[in-house]
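A.B. asks: Following the hints, position chain B against chain A.
For the record, the sequence lines run as chains A and B. If you're matching positions, the first sequence starts at 1 in UniProt numbering and goes up one per residue. If you're matching positions, the second sequence starts at 1 in UniProt numbering and goes up one per residue.
Hints are computed from structural coordinates only; laboratory data are not their basis. These numbers were taken from a predicted model, which means no experiment stands behind them. Fair warning: there could be bad hints in the mix.
When the alpha-carbon atoms are kept at most 25 Å apart in a straight line, the in silico SDA-like pairs for lysine to any residue are as follows [stated by the list, open to error]:
#: 1; chain 1: A; residue 1: 276; chain 2: A; residue 2: 110
#: 2; chain 1: A; residue 1: 57; chain 2: B; residue 2: 257
#: 3; chain 1: B; residue 1: 3; chain 2: A; residue 2: 159
#: 4; chain 1: A; residue 1: 3; chain 2: B; residue 2: 172
#: 5; chain 1: B; residue 1: 250; chain 2: A; residue 2: 80
#: 6; chain 1: B; residue 1: 250; chain 2: B; residue 2: 201
#: 7; chain 1: A; residue 1: 64; chain 2: B; residue 2: 160
#: 8; chain 1: B; residue 1: 57; chain 2: A; residue 2: 160
#: 9; chain 1: A; residue 1: 25; chain 2: B; residue 2: 153
#: 10; chain 1: B; residue 1: 311; chain 2: B; residue 2: 257
#: 11; chain 1: B; residue 1: 163; chain 2: A; residue 2: 59
Selected chain A positions facing chain B (in silico; Cβ < 8 Å) [what the hints assert, rightly or not]:
#: 12; residue: 12
#: 13; residue: 13
#: 14; residue: 16
#: 15; residue: 34
#: 16; residue: 36
#: 17; residue: 39
#: 18; residue: 61
#: 19; residue: 64
#: 20; residue: 68
#: 21; residue: 149
#: 22; residue: 152
#: 23; residue: 153
#: 24; residue: 155
#: 25; residue: 156
#: 26; residue: 261
#: 27; residue: 262
Glycine included, each C-beta is placed from N, C-alpha and C at the ideal position.
2 protein chains.
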Amino acid sequence: MLKDEYRLNAYKSAISRNKPLFKDKIVLDIGAGTGILSIFCAKAGARKVFAVEANLKMAEICQKVIDDNNLKRIIKVYQGEIENIKLPQKVDIIISEWMGHYLFHEGMIDSVLHARKYLKDGGKMFPETCHIYASMCELPDQYDFWKDVHGVDMSAVGEAYRKSSCDEPHIQLVDKKSLLCDPNVICSINMYDIDPDSLKEICADNLAVMKRNGSIQGVCIWFSVDFPNGISSERIYLSTSPYQNPTHWKQTVIVLPREVVVEKSEPILYKLIFSKMAKRVYQISVQFSDPSDIAHPITCNCFYTKCIVSKTHLNGLQQI
Amino acid sequence: MLKDEYRLNAYKSAISRNKPLFKDKIVLDIGAGTGILSIFCAKAGARKVFAVEANLKMAEICQKVIDDNNLKRIIKVYQGEIENIKLPQKVDIIISEWMGHYLFHEGMIDSVLHARKYLKDGGKMFPETCHIYASMCELPDQYDFWKDVHGVDMSAVGEAYRKSSCDEPHIQLVDKKSLLCDPNVICSINMYDIDPDSLKEICADNLAVMKRNGSIQGVCIWFSVDFPNGISSERIYLSTSPYQNPTHWKQTVIVLPREVVVEKSEPILYKLIFSKMAKRVYQISVQFSDPSDIAHPITCNCFYTKCIVSKTHLNGLQQI
Numbered sequence: 001m002l003k004d005e006y007r008l009n010a011y012k013s014a015i016s017r018n019k020p021l022f023k024d025k026i027v028l029d030i031g032a033g034t035g036i037l038s039i040f041c042a043k044a045g046a047r048k049v050f051a052v053e054a055n056l057k058m059a060e061i062c063q064k065v066i067d068d069n070n071l072k073r074i075i076k077v078y079q080g081e082i083e084n085i086k087l088p089q090k091v092d093i094i095i096s097e098w099m100g101h102y103l104f105h106e107g108m109i110d111s112v113l114h115a116r117k118y119l120k121d122g123g124k125m126f127p128e129t130c131h132i133y134a135s136m137c138e139l140p141d142q143y144d145f146w147k148d149v150h151g152v153d154m155s156a157v158g159e160a161y162r163k164s165s166c167d168e169p170h171i172q173l174v175d176k177k178s179l180l181c182d183p184n185v186i187c188s189i190n191m192y193d194i195d196p197d198s199l200k201e202i203c204a205d206n207l208a209v210m211k212r213n214g215s216i217q218g219v220c221i222w223f224s225v226d227f228p229n230g231i232s233s234e235r236i237y238l239s240t241s242p243y244q245n246p247t248h249w250k251q252t253v254i255v256l257p258r259e260v261v262v263e264k265s266e267p268i269l270y271k272l273i274f275s276k277m278a279k280r281v282y283q284i285s286v287q288f289s290d291p292s293d294i295a296h297p298i299t300c301n302c303f304y305t306k307c308i309v310s311k312t313h314l315n316g317l318q319q320i
Numbered sequence: 001m002l003k004d005e006y007r008l009n010a011y012k013s014a015i016s017r018n019k020p021l022f023k024d025k026i027v028l029d030i031g032a033g034t035g036i037l038s039i040f041c042a043k044a045g046a047r048k049v050f051a052v053e054a055n056l057k058m059a060e061i062c063q064k065v066i067d068d069n070n071l072k073r074i075i076k077v078y079q080g081e082i083e084n085i086k087l088p089q090k091v092d093i094i095i096s097e098w099m100g101h102y103l104f105h106e107g108m109i110d111s112v113l114h115a116r117k118y119l120k121d122g123g124k125m126f127p128e129t130c131h132i133y134a135s136m137c138e139l140p141d142q143y144d145f146w147k148d149v150h151g152v153d154m155s156a157v158g159e160a161y162r163k164s165s166c167d168e169p170h171i172q173l174v175d176k177k178s179l180l181c182d183p184n185v186i187c188s189i190n191m192y193d194i195d196p197d198s199l200k201e202i203c204a205d206n207l208a209v210m211k212r213n214g215s216i217q218g219v220c221i222w223f224s225v226d227f228p229n230g231i232s233s234e235r236i237y238l239s240t241s242p243y244q245n246p247t248h249w250k251q252t253v254i255v256l257p258r259e260v261v262v263e264k265s266e267p268i269l270y271k272l273i274f275s276k277m278a279k280r281v282y283q284i285s286v287q288f289s290d291p292s293d294i295a296h297p298i299t300c301n302c303f304y305t306k307c308i309v310s311k312t313h314l315n316g317l318q319q320i
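Okay, chain A solo, but in the shape it has when bound:
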């Protein structure tokens, strides 16, 4: 957490820009780690912070940091899993940096959702909403690179590498220039009312329209989380998109074993499936289908005659 500046700053600014929300309030920090978020909350004026940390050694370090910063009157460390701990009272705010790669991988969302039982009516969650996005992309490192390595054709290495690696998601940075289309929102989560059971399988058909000619070599997945912005009209969020500063989460990539050549305005229909295999472990798979199998939106930019006609008609209507 501490060495990912962008991530830390997002949380810090979510707290400092919501100071009135924290003033004299009771806060629960789940997975407190070194205690940095609990300390930010205390400095923002919280009356009490419950810092829950499962790891024994980390909880000891957390306690030491809190002592060193003279905050033991405000922050109380609980060593254990939130599911097995009894807090003395309900809280006004739950804060947690619980997100894993592609939001779910080794993430602690289940624990945070469980902890909602401690949240007072009207209490706030930091973050309060989450979104997962996906976009078709090119992967020059996994494809083009191998075609000519210092004058040697190494395609066979690339092919073998892709074959062995397409079974599991890759954590890597993707250049925004490698994205072939606007992202689809795969899943939106409202932390206040989401049912944990609904996260066992996430699956939706997505229509993507290519913005340029290229080759689909993989699917790039990322997430963003939004914090309450009670006193500000500006969105306070943390995004792990290729358009933002890189974070330790990077992006998650499903590498396709073989590339698919596409052209500008071509529609691609795909299903991205997140299946929960065990606590904190998901399997991601991608399936491509015939894009004429679903109804395209009225404002679709794809090159299907029907969409072009509908768009032209719509433009005509707007001009009237």
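C.D. replies: Just chain B now, kept in the frame of chain A:
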């Protein structure tokens, strides 16, 4: 190998700048991997290359790359460990990218030294010499960083982290500005005549004179290898020093649990011990001693009266 440009370029230039050495010669490539070095050797004019690769899958990929590049007449792939393979004849050149972190960690030096039995009299080894270096250094990421993280004193985290991590070497990049002294050469290896048994324990007293005031927070270790430079007067080498371009080997750091404040010209006596624990696995330890316990070199730059007097006397002699 392929994505570490500096490393690949060093080998490529060692081969291309020694073309006459390779012309019509028999070459053995140990740990051939994707076959890139074997292909460079074939392109440099080798008559025959034996590409030995232990990993079955990798050997298959290697064979495919060689076929794709139309070099199967020249390069023959042997799947297996060099110790268990019988080559049909002796070779003029042994080439291998066998080095691991701090030269030895997971490196294949034993296999390469074993393969010397195939080297003709007067044959060449690529690389032919190796050196390990060490320097005292500061480690801002492990020390100073924790003193103030966004206004929070996180020293306790840094301390715990160093305590848990000082048992094993860290692979990380060290800024050359963090080095406190000129490096000591810890070990020099001549690949033609080194006895593998002599590498079971490497241990030497080293005297380092600080070049500036600072805090010794760790010991930074790196290595370099030199290639034959038969036709060139210029050194052809690959160095993993902080003064060079970063490689995937980075540097190896022994983190000290507590820093030692030092001043400019202060002599530090230390023993660095590499103990072989198992095949390809070493333990590194560092011991500090009283620098007055050994004789300093005549040209020592340290602030000991004896060394200052001796140096002044020497300067006087030079002026006469």
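A.B. asks: Measuring from the C-beta of residue 16 of chain A to each C-beta in chain B, is the shortest one below 8 Å?
C.D. replies: violated (10 Å)
A.B. asks: Check whether the Cα positions of residue 276 of chain A and residue 110 of chain A lie no farther apart than 25 Å.
C.D. replies: holds (12 Å)
A.B. asks: Residue 262 of chain A was flagged as interface toward chain B. Is the shortest Cβ-Cβ separation under 8 Å?
C.D. replies: violated (26 Å)
A.B. asks: Would the hint on residue 149 of chain A stand, with a C-beta cut-off of 8 Å toward chain B?
C.D. replies: holds (5 Å)
A.B. asks: Just to be careful: measuring from the Cβ of residue 34 of chain A to every Cβ in chain B, is the smallest value less than 8 Å?
C.D. replies: holds (5 Å)
A.B. asks: Would the pair residue 64 of chain A and residue 160 of chain B pass a check requiring their Cα atoms to be no farther apart than 25 Å?
C.D. replies: holds (10 Å)
A.B. asks: Holds or violated: is the Cβ of residue 153 of chain A closer than 8 Å to a Cβ in chain B?
C.D. replies: holds (5 Å)
A.B. asks: Going by Cβ atoms only, is residue 155 of chain A closer than 8 Å to chain B?
C.D. replies: holds (7 Å)
A.B. asks: Quickly compare the C-alpha distance for residue 250 of chain B and residue 80 of chain A to 25 Å and report which way the hint goes.
C.D. replies: violated (38 Å)
A.B. asks: Would you check the hint for residue 3 of chain B and residue 159 of chain A, treating anything up to 25 Å between C-alpha atoms as holding?
C.D. replies: Judged against 25 Å, a Cα distance of about 16 Å means the pair holds.
A.B. asks: Decide if the proposed pair is consistent with the structure: residue 57 of chain A and residue 257 of chain B, CA atoms, cutoff 25 Å inclusive.
C.D. replies: holds (17 Å)
A.B. asks: Is the Cα-Cα distance between residue 311 of chain B and residue 257 of chain B 25 Å or less?
C.D. replies: violated (35 Å)
Of the numbered hints listed earlier, those contradicted by the structure are 5, 10, 13, 14, 26, 27.
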